[in-house]
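Listed here are the chains, written in short residue letters.
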Amino acid sequence: MKPLLAVRDLTTVFSLPGGGVARPVDGVSLDLFPGETLALVGESGSGKTTLALSLLRLIPEPPGHIDPASRVELDGTDILRLEPLALRRVRGGAIGMVFQEPGSSLNPVMTVGAQIVETARLHAGLDRRAARRRAGALLADVGLPDTERRLDQYPHELSGGMQQRVMIAMALAGGPRVLIADEPTTALDVTIQLQILDLLADLKQRLGLAVLLITHDLGVAARVADRVAVMYGGRIVESAPAARLFERPQHPYTEALLRAVPRVDRTGERLPVVRGQPPPATDWPAGCRFHPRCPHAWERCRDAEPGLIAFGEQVSRCWLMDEPGRRTP
Amino acid sequence: MSRRLRAGLLAVGVLYLIALLAPVLAPYDPAAQLNLAGGRLLPPSLAHPLGTDALSRDLLSRLLFGARLSLAIAGLAVVVAVTLGTAVGLAAGLAGGVLDGILMRSVDAALAIPRVFLLVAILALWEQGGIGALVLVLGLTGWFGTSRLVRAEVLSLRRRDFVLAARALGLPGWRVALRHVLPNAVAPIVVTATLGVGHTILIEAALSFLGIGVRPPLPSWGNMIADGQAYLATSPWQAMAPGLAVVATVMIFGVLGEALRDTMDPRSR
Amino acid sequence: MTAERLLEIDGLTKRFPLPGPPLAARRSVLAVDGVTLTIARGETLGLVGESGSGKTTLGRCVLRLTDPDEGRVRFAGVEVLALRPEGLRRMRRRMQIVFQEATLSLNPRLTVGAAIREAVELHRLARGSQARPRVVELLAEVGLDGSQYDRYPHQLSGGQRQRVGIARALSVEPEFIVLDEPISNLDVSVAAQVLNLLADLQARHRLTYLLIAHDLAVVRHLAARVAVMYAGRLVELGTAATLYQQPRHPYTASLLAAAPVPDPSAARPRMVLSGEPPKASSATPGCAFHPRCPHPRKDERCVTERPPLREVQPGQWAACHYAETTGEDLRKG
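Chains as they are written, first to last, in numbering that gives the first Met the number 0: chain W, 0 to 328; chain H, 0 to 268; chain S, 0 to 332.
Heads up, a few of these hints could be off.
For the chain S half of the interface with chain H, some residues (derived, Cβ under 10 Å), not all of them [said to hold, decoys possible]:
{"id": "1", "residue": "Ala101"}
{"id": "2", "residue": "Leu103"}
{"id": "3", "residue": "Ser104"}
{"id": "4", "residue": "Leu109"}
{"id": "5", "residue": "Glu117"}
{"id": "6", "residue": "Ala118"}
{"id": "7", "residue": "Leu200"}
Hints in this document: simulated from the structure, not taken from any laboratory.
Virtual Cβ for every residue (Gly too), placed ideally from N, Cα, C.
Same shape as in the complex, but just chain W (with noise of 0.2 Å):
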């Protein structure tokens, strides 16, 4: 099946105001298919929010710059070339954004129902009273029921939970086939983020989307994610499906942060820890990004950096795919 995003050696990079240079996202490939939902996980300063940003072209251009050398394809055609009028259509039509603070993505001074009703004259072109509806059948699907009510009401009197699902209609708005959401549930409560983590998972199954989820969250992965792609040092360094990445990760620095995580059924007085600070994205090592930190690093680690290799369903940026006698217990 050919994926319906298909993003290829996608590199934003940055000009500082020092004069250096910062490449955040260097050189990222995925796909995403439809009725599949695959997380991106990273940490901050892993790239994944530029990354987000990257694929709809949201980055400032000065200071940021995508490399020409970049695709993204949206069913056959590199969004990245597309004139602005296009692309704007694309923004929000084809593919929706959630972003992470529902509190500070919304206009605190429009109602919700003004703010869905804007997108949906939008992109799908409806008049006045054609977008009020279907902006009240969003809301229903979003599990905010009483739209009449809803509509005419500011963000500032939802709770935070209920703001992010008027950000899920809004980006469902314009009928998408691609949801980027990026940490859409970092900023809400526990029992609330499984609602919308819920939400999002039935959405997607219903309407077919492609779903792109970004977290830092790997027990959120866990819930929700078919496919997994973790990031590190503005590179994919592992990529597998679910299943497979949590009970046998492949890179080293999967396996390093599935031991820091404390988890909920387990005990422990010590985490294992990653030792080392993450590299700034202005001087990434030389090498494998991760070699530094890494247990099992060896000269070919500090020499060259791998590219993905596979084993299966499974890719990882390692050298230990080779050579997996260098693994060290």
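Let chain W serve as the given structure and place chains H and S on it in line with the hints.
Leaving out everything else, chains H and S in the frame of chain W:
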């Protein structure tokens, strides 16, 4: 440091330097009536780069001494105003409750009275005041806005965790106020103060123009404009030179104030 | 083996007035509603809850950063709420707090060294030329290099800032520390390091912790006993082991079910709560949780009668009329 900030600081520095060095730089005594017979209303020349006024006094010298007076008055008045405003704002913001209520309602009432009218009324009645009175009155009528601003900053800072942390460490209230709250409230104070200098110069010029600010024979840009008003058609430079000086100075302080605001805004760090 | 009761909280209540017309009768919100708790010396009590639960307010009341409206707080036998300013200042040496967002809890205009030094000098723990070495020593204890002394908070990473906050709290040599969401804003790997640090420090200095968190997993890691709050009320209290295995309050059970676990195959009860946590106890006569409660035995009694916190089994308290049957029924999902 941004270019605008550097330029602004430089310009203000030069202004104050000129004002300070007026006695040295001025070619003549500003009060000296040099040649009542043939030296009145002379156009700009090598001997008198800005010409002379109706009493044959050298305009350049008067302009320089006027700068000295205006900048000094404005500077001092702003110091008085900002000190008062900060103290009141800090007290109101930290104390809260009844004290806050009383202080702020008084400020509101004071702000309801147009400042210029107030100034005119007081200065017209206080004829013997002189420069000292001018500075005092300008300062005492100019602190209200600052107090509101400082109070707002203090209110938002009070809630911040680092202030709570300071209290949690057992720091006494006055220490928390002076060491933790005030330094973080400084940014808007500095900006207001800078813009305030420009604003005060304008007010002083207006008052002097009306004859109740700096009174003759002391030169002030304001009263120089008043003097030159009658001769606008024939010797426009008399009024224009001080007029342009006022405009330029206010603009310079404005640029500096804006540059400071941009620099001190924590978001730009 | 009775450990000394270091902190005793009794019927603590805190109200916040709601904004309203100036002369009308002000309504208020009960942020903390009659909480009673004890913490033994050397123990870590985890306090868990979502937004509106009152856990942060409780932490602040314990330190008297906010004054509660009712109730008592006793620290090592001393009535904290009755202290005068001088006594309170001395008490501040013994009870400290580490805030959530270290970025906000550090004065942006003070260097790291100056911030910690201030605490050290105030309590006369080192003076003049001895102050700086003491601060460097503290920095080393939390894993920071002495060179950080002259840096400003904005020059440090999130993890480093949090360590500075911990160093500052340690600097007065406290016996008890309230940890208010200490790792919520940190990355996984950094959070793990800080958690380990907290555990080490506790062992080394015989500290007692009140660990406030919304993340059950974090609490599980450090705490021997756990208390759960909902809408200002204490709804469950027990040892970590029993609480996580067999929660007695339906809210605790839902929290556990909702907690993200990095293991897709983990068998968990299917329990999605509808609705939202209330902003705080709105003084409902009955159980605060009843509108969202999935317990099959929920009935009229839950609406009208407030369930008291009672000992359902030795060492485990729950505020639910039907706590005995919470486990089985809900797991059936």
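Okay, the hints, checked on the actual structure:
no., hint, verdict
1, Ala101, "holds (9 Å)"
2, Leu103, "holds (4 Å)"
3, Ser104, "holds (4 Å)"
4, Leu109, "holds (8 Å)"
5, Glu117, "holds (7 Å)"
6, Ala118, "holds (5 Å)"
7, Leu200, "violated (18 Å)"
Of the hints listed earlier, the one the structure fails to meet is number 7.
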